[in-house]
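J.: Protein chains in written order, with the working numbering: chain E, 1 to 836; chain V, 1 to 198; chain Y, 1 to 281.
No lab work stands behind these hints, which were simulated from the structure alone.
Just so it is clear, the structure is predicted and the values come from calculations on it, not from any experiment.
We put the beta carbon where it would ideally sit given N, CA and C, even for glycine.
Take these hints with a grain of salt, some might be off.
Said to hold, decoys possible - One-sided excerpt, in silico: chain E residues whose CB lies under 10 Å from chain V:
no.	residue
1	Asn-99
2	Pro-100
3	Lys-104
4	Thr-253
5	Thr-779
As the list claims (entries may be wrong) - Only pairs whose alpha carbons sit at most 27 Å apart, straight line, appear in this in silico DSS-like list of lysine-lysine:
no.	chain 1	residue 1	chain 2	residue 2
6	E	Lys-69	V	Lys-125
7	V	Lys-47	E	Lys-757
8	E	Lys-358	E	Lys-502
9	V	Lys-125	E	Lys-66
10	E	Lys-292	E	Lys-358
11	V	Lys-48	E	Lys-804
12	V	Lys-180	E	Lys-69
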Amino acid sequence: MNTPLSRRDFIKAAGLAGLTVAASSPTLRLLRPSQPQTELQAEQEKIVPNICMMCPAACQILVRVKDGKIVKIEGNPKGPTNLGKICARGQAGLFRVYNPDRLKKPLLRDNPAQRGTFQGFREASWDQAFEAVASQVKKLISEGRVKEIFMLGGWPTCLYLEPYMKAFADTIGTPNAIGIPGGACYFPKAFGWSTALGVGAHSQILTDYENVKYLIVIRRNFFGSLSVVHGTRAGRKLGNYKLVVVDPRFSETAAKADVWIPIKPGTDLAFLLALIHVVIKEGLYDAEFLRKFTNAPMLVAEDGSPLTAGTEGGKTKYLVWDLAQGKPVKHEEAILPALEGEYNLDGKKVKPVFQLLKEKVEAYTPEWAESITGVPAATIRSIGIEFGKTRPAAVDTGWHDPKYKNSVMTWRAAAILNALVGGLVKDGILITGAGSIAAPPPDVSEESVMRIWGTKQGVAMASKGFTFQGFLDAILNGDPYKVSMLFMFSTNIALTGPDATKWREAMKKLEKVVAIDIYPVDAVLYADIVLPESTFLERDDPLYAIAYAPALGFQTRVAAVQPVYDTKHFVDIIVGILRKLGDDYYTRFWVNLAKALGAADPNAMAAKLKDAYEKNGVRGIRAVQASARNLDPAKLESEGLIVLKDSSTLRKEMINKALAGQLLTPTGRIEIFSFALNNIKAKKGYQPYWDPIVAWAEPEVLGKADGRQTFYLTYGRVPTMTHTSTADEPLLSVLTPDYKRMAWINRKVAESLGIKKGDKIKLVSIANGVSVEAVAFPTDLVREDTIWVSSDFGHTSEALHYTKFGVPYHFLTSVKADPVAGGVMSQEVIVKVEKA
Amino acid sequence: MVRYSMVIDLNRCIGCGACVAACIAENRREQAMRAISEGLTALENFKKRTYVNTYIQGTFPNVSVYYTHMICQHCENPPCVSVCPTGASYKTPDGVVLVDSQKCIGCEYCVQACPYGARFWDEYKRSIDKCTFCIHRVSAGQEPACVSTCPTNARVFGDLDDPASEVSKLVSSGAAVPLKSEEGTKPKVFYIFPIRKR
Amino acid sequence: MIEVQHAWDIRIVLDLTLGGMGVATFIYAFLSYLKGEKEFSLKAAFAGMASLVLGLLILVTHLGKPEAAIYTMISPNLYSVMTWGVFFNILALVFGGLFALPAVVKLPYSSNEKIMTTLGAIGSIFSFLVMSYTGTLLARSSIHLWRSPATPLLFILLSLSSGAGLYFLVSHALKKEAPPILLDFSALTTLLALVTTTLYILLADISSEAYKFSVHLMLTEFLPVTLLLYLVGYAAPLVLYLLYKGKPSKTLLISIALLLILQSLLARLLLVYTGAMELPW
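The following block holds chain E by itself, in its conformation from the complex (with noise of 0.2 Å):
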C-alpha cells in the first residue's frame, strides 16, 4: 500500500525544486535587468573622411568604422558641399561595400558569342587578367592598329577619373578616349552657360539658395534627383523665395513650388525669351550691373561684327559710346557706357549689344510665347514682372541638359536673364571654387573618332571630343575608321548609351572588351575581360578640388575598411596593364598623368608622381599633390579636406574678376554678346542655335505629339536612385515607391486608351521603330500630351539580384548630336502608346 503523499511534503518539495530553479545562473541572469545601450562607444569606433561616390555631386562624408567593418555614414559638418548632410544613397552606401552581387575577383571570357549574358567567365588572377589586357594591346600596338582602341567612362569620369584615363590612352597611344557624360549629360547646359560666364559645368556654378528671393527653374528636379549640396541649400529655404517650376511634370521641385508651369517639352527657351521681353519691356533691369559687370554696352556694326580693339593680356577688348565723353572708347575707359540708341562711328551705324537685344526681343511677347510653349501669355507677364522686381532673382542652374537640338541656346537665355536682373557672379548665380580655378575644356587629338564623327555633323564644338555618339558608326561601319578594342570605365553604356539595342549590337562586333566596373551591370555582361574596382570606401584616393561648393578647397577619400573582395584602385589596375605593356609605357604614364593634372612642370611632377606611387601607392600621389599646393597631406587624411577660401572671400574674388574683365569669356565680362558663339556663326553661316546674343531655336520635336495616339517622351530621376547606377543597390531598390518606376500618363488620357493603373504597355519610338514595355501611372501630374518615365531603371543582368522593374529608356533614343555642343538629344522622342 502507498504511503499517501502529504500536504507538507507536497509543499517542501515544490518549495525545494522552486528554490533550485531560482538560485540557478540562468534564471539569476533572467533577474538582472539589462542596461539599454547608452553610449555610442565611440571609444571602440574610428572616423573616416572620405567623398561619398554614390552620385557625382561629392558631399563630404565620415565614415564610422567599427573592428573593421563600416558602421554608419554621416555627413562631414565641416563639409562646405554637402554641409553636414547625406541624402539615401548616400546612407545606403555602406550596403554597397558588402553587397553579394559585387565583382570580386577579375573574370575572364574566351568565347565572345557569349557577351550579352554572364556566362562562361573564369576567376582569374590580377596578373592573368593584366596579362590578357596587354597581349590584345600589343598585338594592335604592333600590327599598327593601335588607334582601333577607345575608352569610354561613365559618370565617374567627372572630377575623378577623367585624368587618369586620359593619361592611360595616351601613353598607349589612342586618341579615342571620352567620358559619356560631355554628350550625355552637361556638355551643352555649361556651354550655353559658358558662351556668357566663362564657366557653367556642374561643379563650375551654383546657385545662391541662401539669398535668392525668386527661383524660376526650368529643365530640372533638384528635389527629386537630389544633388545634396542643392537640395539642402534650396529645402532650408523654402518659404523664403517664391519658386516657380517650369516642367511638363510635377516633379519633387514642382511638389514645394509657389508655382507650376507644366510647359510643353522642349519649349522653355520661348518662356525665357518672353520673360527677357518683359523684363526689358517694363524696365526692370539693372541697367548699373549691365554696364559694369557685362559687355552689354559694346558697339556692333551693322553687319553684326563687334568693334574689338585688340587684346590685352589674352582678353579681347572692346568700345563702347561713352555717353559722358561723347565718343566711343574702351570699355574700360569709360564712364557711362550707352546701353541703348545707335551711334556714328566713322560713317557707320552701330548699336550697343543692350540695344540689339531689346530689338530682338521685340517679337518674343507672351502671346507669341503662349502660342509655342502652352503658358498663358498672363502667366508669362506676371511671372516677368515679379522676377524683374525682385532682387535677387534668378534663373537656377540648371544640371543635366542634352535633351534637346536647343538646350544650348536655352541655357544662354536663362543666363542672360539673370544678366538683366543682375543675378550673376554677385548674387543670383554664383561662381564656385572648382569654377574659380576653371580652365576652358581642351580640344582632343583631331585624329579622334569623336571629333572627326563630330566635325561631320557639324556640330560646332566638336574639338572638344564629347560626341561619343559617333563610336557606333566606327564600330558598326568603319566610319572614320575601324575600332575594335573597347575600354569601358565605370558606363553602363548598353543600357545608357542613345539607340541603347545598337550599342549592344556594336559590342558584340568589337574584338575585344575590357570592363573596370563593380558591378556586373548590363555592359558588364559584354566584356571578354572584367576588371573589379574598388568601392570609394576602400580607397584610399587622389586629390580632387572640392567641387559645387562656394568655397576654395581640396578634398580626398581615405580608405574605411581594406577591400573586402580581390579588386582594386583604378589607377592600380591602369598601372598595371601598362606595366605589362613595358617600362616605357609604365614611365610615360606619370608624364602625361602630370601633364594630365595640370602640372607646370610635367616631367618633374611625374618623376615625383612615380615615386610617391611606387613607396605608397595612390596616397603617395596625393601627398605629391598636396604638396605641389602647399597643403598639409597629414591634415587631409585626418580631416579628409582644407579649405582655402570660404564662400564670402570667393564670392568678392570673383566680384572683382568680374569688374575687371578677367571671367573665363574671350572678353573677360559677361558676355550678352557671345564671342565664341560669334565665332561659330563666323564659320558656319548664321543658325538662331548659335545667335551670339540670343534667339528663338525649335526644338526637333515640336509640334509632333498630338497628344492622343502619340506623346512627347520625357524623363527624370528619382531621389533614391542615381542615374542607372544604384538600381541593385538592395535598400535603394526598396525604398523606391512602385510608381516611379512607371510610365506617366496623364490620367484623361489613359482613359480615353482603356488603360490603368498597372496595366501592361508598350511605348514604341516613331523614329526608330523600337517598343519597350512599360507599367502604366495614370496620374494628373503630367500633361496630356507628354509621357514621363525615370531613366534609371530597366536593367535586364542576370547578375543583379536586386533590381526591379522599370524601362529602358534610352532603347527609345536615336543617335543624335547637337549643333553646338554634340548633346544626345535625348529627349527629342516621340513616341505612341500601346496595350502590350
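Let chain E serve as the given structure and place chains V and Y on it in line with the hints.
T.: Chains V and Y only, in chain E's frame:
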C-alpha cells in the same frame, strides 16, 4: 526634467527618404545585411522604424503632392507600455519609450495597442522593435540619425521642457500639432502641416 | 491610411476558441459535479482543461520569444490585461487541472469532497476570468472594431456556447444524457451572440473610419465567413435546437454541438481578421 520631442515640418520635407535610409543604417544595419543575404523578397518585407508616405491630390494642372512621416510618437501616455505583459516596453525619465529586448515575448499586444502603427516584430533580433529617438546618439550629445541627415532640416529634435529649444517654440506657437490626440496618448512628435496655395 | 492588423493570426484565433471553449466546459462540468455527477464531471472537466492546454500550446507557437515568458512572473506589468490573463490561465490550469486530473490519474485527494469542491470552485472562478479577459484584452487595443464593451460580452457568450458544445460531445462520447437546461442555455447564448454580432455591423455607420472599414471587410473580402457565421454558426444551431425540442435525436445534438464550436471559431476569426486601424500617415 528632460522631455525629448520631435517636430517634423511637412513643408520642408521633399520626400527623399534620407531619414528612412539613415535610420536603417544606424539602427538596423545587421538586420538589413541579413535581409540582403536573403534576397529581394526579404527586403521588400523589411520593416521600418520610420517611413514616408506620398499623397497625390487634385486634377491636372491643379495638383499637389505632400508627404507624411510615420515614427514612434514617444507618447507621454503610451498604450504600448500599459499593455506589455512583461514590462519589456517602458518609458525612461527623459520621455523616451524603449523596448527591453530581453523581456519581450513577442505577443505583439503592443502592436495592436499602438494607434500609430509604430511597432513591429523584428525576426532577426527576436524582439519588438521601434524608433528609440536614437537615445544612444542623444546621450552622446548628437542628434537622432534621421534628424542629423535630413537635407532640408525637416526634422527637428529637442527638449520640450527647455523653452529655448526649437521644438518648444514650434509647439507652443501652435505651428506644430500632434496627431490622433483623441486617443489620449499625448504624443511627443508634432507635425507642421503643408500649406497649400492656389 | 487604413491598416488591417496582421500581428494576430489563426493561432490567436485558435487559442481564443479552444481556451474560451475549454474553460466554459470546465464550469459546466463543475456545476454538474456539484449536482452529484462525480465521475462524468471530472472527465468533462478534463476535456475542458485539455482544450485550454491545447489552445495555450498553439498560442506559444505564435509568441516570437516564448522563453522570455518567465518575465511575466519576474517583472509582471500589473496594468496589462495580458499579465492578468497569464495569471488567470495558469491558475485556472493549476486548480482546474488539480480538479480534473483525477479523471485519468489516481490522486490522493480525489475522494475528498471538500478539497475537490474547493479546487473546482477556484478553478471555475479563474475559468470565468479567463473567459472574460480575452475580450477585455482585445478591447484595450487601438483597433476600433474591438474597442467596445460588446467585445468581452461577445467573447463570454461565444465561450458559453462553444463550451456547451464540447460538453455535449463529451456527454455523447461517455453515453451520458445532456442536461436540457444546458441546451436551452446554449440557445440563449447563441441568440445573444447573434444580436451582439449584428450590433457590431449596424454600429458601423456612426463609427470611425477604421471601424467602418472593418465592417466593410466583413461584408466584402470576408463575406463568406460572415455568411457562414450567420447561417451555420447562429441560425443553424437555433433551427436545430427547435427541431430537437420537438423531436430529440442523438444526431441533432451532435450537430448542434459541432455548430456551437464552429460558431465560436468563425466569430472570433471574423473579428480578429477584420481588425483595422486608421494610421495618420
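J.: Checked against the structure, which of the hints given earlier come out wrong?
T.: 3, 8, 12
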